[in-house]
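Student: So you can see what is in the structure, the chains are spelled out below.
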Amino acid sequence: MAAADELAFHEFEEATDLLAQTPNEATTRGDQLVPQQHVAVAVDSGGSYGAEDEVEESDKTAVLDRIKGSLLPRPGHNFVRHHLRNRPDLYGPFWICATLAFVLAVTGNLTLVLAQRRDPSIHYSPQFHKVTVAGTAIYCYAWLVPLALWGFLQWRKGVRERMGPYTFLETVCVYGYSLFVFIPTVVLWLIPVPWLQWLSGALALALSAAGLVFTLWPVVREDTRWAAVLLLSVVVLLHALLATGFLLLPAATSGARSTSPPGHISAPNRTTVTAPTKVRSSLGRLEPAGVSLFQAQHKGVPLPALPPRR
Amino acid sequence: MAEAAESPGDPGTATPRPLFAGLSDISISQDIPVEGEITIPMRSRIREFDSSTLNESVQNTIMRDLKAVGKKFMHVLYPRKSNTLLRDWDLWGPLILCVTLALMLQRGSVDSEKDGGPQFAEVFVIVWFGAVTITLNSKLLGGNISFFQSLCVLGYCILPLTVAMLVCRLVLLTEPGPINFMVRLFVVIVMFAWSIVASTAFLADSQPPNRKALAVYPVFLFYFVISWMILTFTPQ
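If you read the sequences in order, they're chains A and B.
The numbers in the UniProt record's numbering rise by one with no breaks, and the one at position 299 of the first sequence is 299.
The numbers in the UniProt record's numbering rise by one with no breaks, and the one at position 218 of the second sequence is 218.
Because the hints were derived from the structure by calculation, they are not lab data.
Owing to the predicted nature of the structure, the values given are computational and were not obtained by experimental measurement.
A hint or two may mislead.
Taking CB as the label site, the calculated pair distances span [claimed, not checked]:
1) ILE191(A) x SER146(B): 44 to 52 angstroms
2) VAL193(A) x VAL125(B): 35 to 43 angstroms
3) ASN83(B) x LYS60(A): 52 to 60 angstroms
Every residue, glycine too, gets a C-beta built ideally from N, C-alpha and C.
Bound-form chain A, shown alone (with noise of 0.2 angstroms):
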C-alpha cells in the first residue's frame, strides 16, 4: 500500500478512504499481511466475532483501542475507517451492552440505598425487573436503531458516488462502542448532586453523539442538504432520548410506589400535592432543589395493597 505510507502525512482521511474502495487489499500493518475478507459474518462451522479470528495481533488492544476511540471523538477521525478498518467485531457491542444494563440496574439499586440511609422512611427492595427493562431497552436501541440507520443509508445509495455505506456489521459496531462512554457516566451518576449529574450525563451524550455524527458525516455529506440534517438530528435526537431514559429509570419502574420515591429525594420540606404530580416528583436520580419544578414531594396517599413500612 505504497498509496497509504505516502499520504500518511497529508489527510488521512484519504488513505482510508482507499483503503474503504479497495477492501480485500492486504494491509500493512507491520504485523501480518493476510488479505482480509471484508466481513466474515459471525457464526458458521468455525465460528468467529466477526473478522476477529483473521487477526493476528492481540485482540484484547484491538477492543481496548476503539474503546479508547469511542471515549475521545474527533472531527477528522471517522471511527469506522480508523478504527474499525474494515474489520468489524461483535464482540465489544454485545459486552458493552450487557455491562451497560447491568451497572445500570446496580446503580439504581444503590441509589435506593443510599437513599434510604438518608430516609429511613424509604422502603428498600432489589428491584430486580430494572434488570429486564435495562437489558430490553439497551439491546432494542443497539440494533433496531442501526438498522434503521443501515436501511435508511441504503435507501440513500443512489446519491451518493464517492464512498459506499457502512454495512450493517459496522453500524452495530459503531453504536456498540458509542454506548460505551456511559457505563462510568451511570457510575458518577451515584453522586447526588443534580447539577453534576446533569453535566456529566450531559458530556456523556456529547462526546457519543460527537462520535456518531463524525463518522456518519462523510457519507451523508454528499447527500442533499435536508437528507443529511435530518438524518444526524435524528440520530442526535434517539441518542439523547436513551440517555434520558437512563437518568429516568429508577422512577419509571416504580412510578406507582407513592410513598418510596427511589432514588434521593431529600427536599428538606415535604408538602403533600395531588396525585398528578407523584411521578414527577420521584424523578429516579435527581435530587429536586429548594425553588425547582419538581419541589414538592408526595407525602403518602393511601393506595390499595400498600406492603407495610419498615
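Fit chain B to the known structure of chain A by using the hints.
Tutor: Just chain B now, kept in the frame of chain A:
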C-alpha cells in the same frame, strides 16, 4: 517373529534411495498362520459390566453419580490444574446448585410483583442463559473447549456463591445492622473471588493467549451479577 525389515538407511550406501524401497526385499522365512480365533479380551467384561449396571441396586447408581458430583465439588473448592472437571463433565452439579440458589433467592409470592427480588424463573434463566452466552462467547473467540464442558465448569463454580447464599441467610436471621451488612459483604466478596479464580483456572487455558482477558471478562460479569443478587437479598 518374521525377519525384520532391512535396517533403514544403510550408512554405507551413499546413493539416495526412495523411501521404503527396501520393503520389497523382505522375505518371510516361515509361514505365519493367519487364521484362528480373534478374541477381544475386554468383551466379556464389558458385557458383564453393562448388565451389572442394569441389575445393580438404585442406591449404587445414585451413589456413583453423587460421588462423581462430590468429587467435582472438591475440585472447585480446591482449584488445581486438573482435568477432571473437563474430562468427565456432567450437568447434575450445576442443576443442583442452580435450583438451590434459585429457591433461596426467590421472593415470596405474597410480595408485590414489581419491587422485589428475582423470581425463581428469573434466577434460573439468568444462570443458564448466562452460562450459555459465555460458552458461545468463548467458542467464538476460538477456544478449544467443548460446549458442555464449559457449561459444566461454569455451573460447578457457582458452588462458592451458593455457600455464600447459605451464610447470608443465616446471618440475616440475626438482627439487621451495619455489622450484619459488613459480614455479608465480606463473605460475598470472598466467595465471588473464589468463583472467579476457580473458573479461570479451568477455562483460561483453553483460550489463545491474546484473548484470555476477553474470555474472562464475561465470566467476571456473570458471577458479579449473581453476587449482586445474593448481596441484595432481603427476606420478606
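Student: Look at each hint and say if it fits the structure.
Tutor: Evaluation of the provided hints:
As the Cβ distance of ILE191(A) to SER146(B) is approximately 46 angstroms, the hint placing it in 44 to 52 angstroms holds. Distance hint for VAL193(A) and VAL125(B): a CB-CB separation of about 37 angstroms, consistent with the stated range 35 to 43 angstroms. Take ASN83(B) and LYS60(A): their Cβ atoms lie about 26 angstroms apart, and the range 52 to 60 angstroms is violated.
The structure fails to meet hint 3 from the earlier list, while all remaining hints are met.
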